[in-house]
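**Student:** Sequence:
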Amino acid sequence: AMRIVGCDGRFASTHAELFIGNSGLTIRTLVPAIAASLANSGEGSVTLAGVPRMHERPIGDLVDGLRQLGARIEYIGAAGFPPLRIDAAPLAAPAITVRGDTSSQFLTGLLQAAPLIAREHPLVINVQGELISKPYVEITLALMAQFGVHVQREGWARFVIAPGQAYVSPVHIQVEGDASSASYFLAAGAIGDGPVRVAGAGRASLQGDVRFADALALMGARVTWADDWIETQAAPSGLRGIDLDCNHIPDAAMTLAVCALHAEGATTLRNIGSWRVKETDRIAAMATELRRFGARVEEGEDWLRIHPPAALQAATVDTYDDHRMAMSLSLASLGERGVPVTVRDPGCVGKTFPTYFQVLDNVSHAANAATSEGMS
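Quick note: the sequence shown uses the working numbering, first residue 677, plus one each step.
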């Protein structure tokens, strides 16, 4: 359990230098919150920086939206990218516009900070272009409501936050298990003999990534649902390739790319352009690493097509300092088609799941899949 004491929209320290590593969600939610906090405090300056890859990940759309409110944000390096400095400035505007086709996290950050900005007048957020990763915005709206702030919306193009709302603690809140991390173990059940049951996320989950289980079902896996758990098991005929729009499960779709190695026929993952601006260019990286197993891989600006080989080849894979690359690629070691996989820099999983390889080793035994000797 964790106990958190709120600060009513004013951080205790108004001067700080923050290092956010390679976490896109961290910087994209902190920037609006810091701008709002400094505006409420009336003074202060905060800088945010990360690893070199973070300084290549776009944040210009979010900064442009906050500047429409009057925020004072300056780029320390290249325009449109971290690192950046936020200085205290009053925030006020009847409406702002933010692009939705680069990352839903831009909208999430603005929505979370909106009650701290819309103190006397409503704030309208217009989304330009198609909003990607909509289920993540659904999570944001649902959790804001649990804390007493309600957002009116017109489809996915317009969000209105009425003035006078403030976050009020619900006292206790149950945090769901991470459905994105669950995807690796659901895949283990579908690739190996299974069954594998993942508890903490299910039919009642707010997270869009639970829909990864539906994708496994399309590939032929047996999937059983309950409100707070999902169970998967391989079908006698094995997995088959699919053609899927993955806009709703961008992170979990990486797991599907490796499941495709174990399937009969090609698998095409579409609408995954956001992969290009993640911890690494995940489309290019995944294509490169899947080829090491003998797969024929085609890639486009926002799609990936995997043609599995007749038999997988043992491989040593790079992770690009990307936790999801490491966790996804490890699944090539599972099941009847599984081969030894050596993962370079496995410690990158520490970002979200430090014990991943130990847990996978335990699950792989239960799923009658590869043991730890099949992975390094």
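Hints are not guaranteed to be accurate.
[As the list claims (entries may be wrong)] Below, a list of computed lysine to aspartate or glutamate pairs in the EDC-like style, where the Cα atoms sit at most 20 Å apart: (1) Lys1027 x Glu732; (2) Lys1027 x Asp978; (3) Lys1027 x Asp921; (4) Lys1027 x Asp957; (5) Lys1027 x Asp854; (6) Lys810 x Asp994; (7) Lys1027 x Glu852; (8) Lys1027 x Asp994; (9) Lys810 x Glu732; (10) Lys810 x Asp921; (11) Lys810 x Glu852; (12) Lys810 x Asp777; (13) Lys810 x Glu796; (14) Lys810 x Asp869.
Just so you know, the hints here were simulated from the structure itself, not pulled from any lab data. In this text, all values refer to a predicted model and were calculated from it rather than measured experimentally.
**Student:** Indicate, hint by hint, whether the structure satisfies it.
**Tutor:** Evaluation of the provided hints:
1. Lys1027 x Glu732: At roughly 19 Å apart (the allowed maximum being 20 Å), Glu732 and Lys1027 satisfy the hint.
2. Lys1027 x Asp978: violated, 25 Å
3. Lys1027 x Asp921: Roughly 27 Å separates the two Cα atoms, so the pair is violated.
4. Lys1027 x Asp957: holds, 17 Å
5. Lys1027 x Asp854: Distance ~13 Å between Lys1027 and Asp854 Cα, so the pair holds.
6. Lys810 x Asp994: Violated - the C-alpha atoms of Asp994 and Lys810 are around 30 Å apart, more than 20 Å.
7. Lys1027 x Glu852: holds, 18 Å
8. Lys1027 x Asp994: Status holds; Cα separation ~16 Å.
9. Lys810 x Glu732: violated, 24 Å
10. Lys810 x Asp921: Holds: Lys810 and Asp921 sit about 13 Å apart, inside 20 Å.
11. Lys810 x Glu852: holds, 18 Å
12. Lys810 x Asp777: holds, 11 Å
13. Lys810 x Glu796: Between Lys810 and Glu796 the Cα gap is close to 29 Å, so the pair fails against 20 Å, i.e. violated.
14. Lys810 x Asp869: violated, 33 Å
Of the numbered hints given earlier, the model fails hints 2, 3, 6, 9, 13 and 14; all others are met.
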